[in-house]
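Trainee: For reference, the chains in residue letters:
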Amino acid sequence: MRKVLLFTLIVLIAITFAFAGTAQSSNDVKLKSTVKDNSGVETPQGGTAIGFVEGDGEGEEEGTSGDKNPKGILYISYMDESETAFNALEDAPVSGLICDLTGNDTGYDRVKFVFRFAGNVSRAHEYVLTISCADGFKSANSENVIPVTISGLSDVGSSLPAGITVNGNTINIAAGTKALQAATVASSYATWTQSEEYAAGDYTATITVACSAK
Amino acid sequence: MMRKLALTSLLTLMAIAVVFAADPTNKVSDAANLKLNASIEKGQGVTIPEGVTLVGNLAIQYRYGDEETPWEYVSTENLEITDLGERAGRVQLRCLYYGNEPESYSCIVSFASDGWARTMEDGKEPTDADKLAIIFEDAESTSSKKFEVDIKNSGFTLNVPVSAPINGDVVATINASWADAPDLPAGEYTADIIAAVTTP
Numbered sequence: 000m001r002k003v004l005l006f007t008l009i010v011l012i013a014i015t016f017a018f019a020g021t022a023q024s025s026n027d028v029k030l031k032s033t034v035k036d037n038s039g040v041e042t043p044q045g046g047t048a049i050g051f052v053e054g055d056g057e058g059e060e061e062g063t064s065g066d067k068n069p070k071g072i073l074y075i076s077y078m079d080e081s082e083t084a085f086n087a088l089e090d091a092p093v094s095g096l097i098c099d100l101t102g103n104d105t106g107y108d109r110v111k112f113v114f115r116f117a118g119n120v121s122r123a124h125e126y127v128l129t130i131s132c133a134d135g136f137k138s139a140n141s142e143n144v145i146p147v148t149i150s151g152l153s154d155v156g157s158s159l160p161a162g163i164t165v166n167g168n169t170i171n172i173a174a175g176t177k178a179l180q181a182a183t184v185a186s187s188y189a190t191w192t193q194s195e196e197y198a199a200g201d202y203t204a205t206i207t208v209a210c211s212a213k
Numbered sequence: 000m001m002r003k004l005a006l007t008s009l010l011t012l013m014a015i016a017v018v019f020a021a022d023p024t025n026k027v028s029d030a031a032n033l034k035l036n037a038s039i040e041k042g043q044g045v046t047i048p049e050g051v052t053l054v055g056n057l058a059i060q061y062r063y064g065d066e067e068t069p070w071e072y073v074s075t076e077n078l079e080i081t082d083l084g085e086r087a088g089r090v091q092l093r094c095l096y097y098g099n100e101p102e103s104y105s106c107i108v109s110f111a112s113d114g115w116a117r118t119m120e121d122g123k124e125p126t127d128a129d130k131l132a133i134i135f136e137d138a139e140s141t142s143s144k145k146f147e148v149d150i151k152n153s154g155f156t157l158n159v160p161v162s163a164p165i166n167g168d169v170v171a172t173i174n175a176s177w178a179d180a181p182d183l184p185a186g187e188y189t190a191d192i193i194a195a196v197t198t199p
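From first to last, the protein sequence lines are chains B and Z. Heads up: the first sequence at position 211 corresponds to 210 in numbering that gives the first Met the number 0, and the numbers run straight through without jumps. Heads up: the second sequence at position 86 corresponds to 85 in numbering that gives the first Met the number 0, and the numbers run straight through without jumps.
Excised from the complex, chain B in its bound form (with noise of 0.2 angstroms):
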């Protein structure tokens, strides 16, 4: 015990005799910083993170909600009926948000989603997102279907932070995009058919959204 002691000891002291000599041999001033995972980024309200990118790998699989402190997360959120607030998913009533089909109830028309980017990747990353709603609304006898449709992403124009491009129904991010917070990026809406010409019942249906990240 007492030779590892003393062993450490002169390393130590080799060590700083080292750093020692570089300092006094040298006037340049050398700097070096690391920015921090998620520095400048805040988790932004009324959103479900599906996207995560850039994690350390620890956990489950890489670029999965299971990997551990990812530095780059995608969120979606449905808006309210006037399409300005943002919610996020798990917040939506157990119930389900409730729909007007006839176009002459009260309730969505149509759902509109939101997909926002928080982050400071160092790595370009590609999110390839699928929404559907494959059995649209079905009634309690799962004799009538009213089909759903999901629209691709569109992109927020002129509001699209450098770095980010939608194309389809994927989002690109690229190497060195700067650090957002929440920085909306894409909307999607769930649409349908609103008629009269429907049987009577009541009605249910689930969009699931999945999100890739790589």
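Think of the hints as simulated: they come from the structure by calculation, not from any bench. Remember, predicted model here, so these are calculated numbers, not experimental data. Fair warning: there could be bad hints in the mix.
[Claimed, not checked] Mimicking BS3-like on lysine-lysine, the simulated pairs with C-alpha atoms at most 25 angstroms apart in a straight line are:
no.: 1; chain 1: B; residue 1: 177; chain 2: B; residue 2: 213
no.: 2; chain 1: Z; residue 1: 41; chain 2: Z; residue 2: 130
no.: 3; chain 1: Z; residue 1: 41; chain 2: Z; residue 2: 145
no.: 4; chain 1: B; residue 1: 137; chain 2: Z; residue 2: 151
no.: 5; chain 1: B; residue 1: 137; chain 2: Z; residue 2: 145
no.: 6; chain 1: Z; residue 1: 34; chain 2: B; residue 2: 137
no.: 7; chain 1: B; residue 1: 137; chain 2: Z; residue 2: 144
no.: 8; chain 1: B; residue 1: 111; chain 2: B; residue 2: 137
no.: 9; chain 1: B; residue 1: 111; chain 2: Z; residue 2: 34
Starting from the known structure of chain B, fit chain Z onto it as the hints suggest.
Mentor: Then chain Z, alone, in the frame of chain B:
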């Protein structure tokens, strides 16, 4: 010494586990669902003509005359027959469906009548000589993808799959007929035709 080291390591690991468990980015999902719901009321999109009373989901119309005679909905008004006894007669009846039922609609439709009977004075009961039978015949269903109709004696069974609103589509027709009866005693005669709709 070793025990303290082991205990310290254990506590550190537990602390890390708690911290990571509280991390909101650690939700185990890269997919999310949003549920929608909506209701459509019975009768929405269904327009029943003013003054028409449905029997079940059916409206009954009649026509007395040739093919050019317009159909009329059954009402409280009497249909007057002016040549009873002189010649055979026929009233055409048909059923029209109205509805947007959330589940398939089934019913049994039957027509019945005690026939013509003379209105007797002093409360007497009419005899057979004072009566003239009405029979139901030549029932026909209307071919349609909207309905399943099975003709029975004096009526039919109807099954309507779940569908968009149906506004008065003809389901079936049937004739209520009587023979000529020159021997009928003079007098006032009345008859009732009853259309019964039974749902299971």
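Trainee: All hints, please: hold or fail.
Mentor: Results for each hint:
A threshold of 25 angstroms between alpha carbons decides the hint, and for residue 177 (chain B) with residue 213 (chain B) the separation of about 18 angstroms falls inside it, so the pair holds. This hinted pair does not check out: residue 41 (chain Z) and residue 130 (chain Z) have alpha carbons roughly 44 angstroms apart, beyond 25 angstroms. A threshold of 25 angstroms between alpha carbons decides the hint, and for residue 41 (chain Z) with residue 145 (chain Z) the separation of about 18 angstroms falls inside it, so the pair holds. The straight-line distance between the Cα atoms of residue 137 (chain B) and residue 151 (chain Z) is roughly 35 angstroms, outside the 25 angstroms bound, and the hint therefore fails.
Taking the CA atoms of residue 137 (chain B) and residue 145 (chain Z), the gap is near 20 angstroms; set against the 25 angstroms cutoff, the hint holds. Restraint check for residue 34 (chain Z) and residue 137 (chain B): the C-alpha separation of about 12 angstroms stays at or below 25 angstroms, so the hint holds. Using a Cα cut-off of 25 angstroms, the hinted pair residue 137 (chain B) and residue 144 (chain Z) holds, with the two alpha carbons roughly 21 angstroms apart. Proposed proximity of residue 111 (chain B) and residue 137 (chain B) is supported: the alpha carbons are some 20 angstroms apart, at most 25 angstroms.
Between residue 111 (chain B) and residue 34 (chain Z) the alpha-carbon distance is near 13 angstroms, which keeps this suggested pair within the 25 angstroms criterion.
Of the numbered hints listed earlier, those contradicted by the structure are 2, 4.
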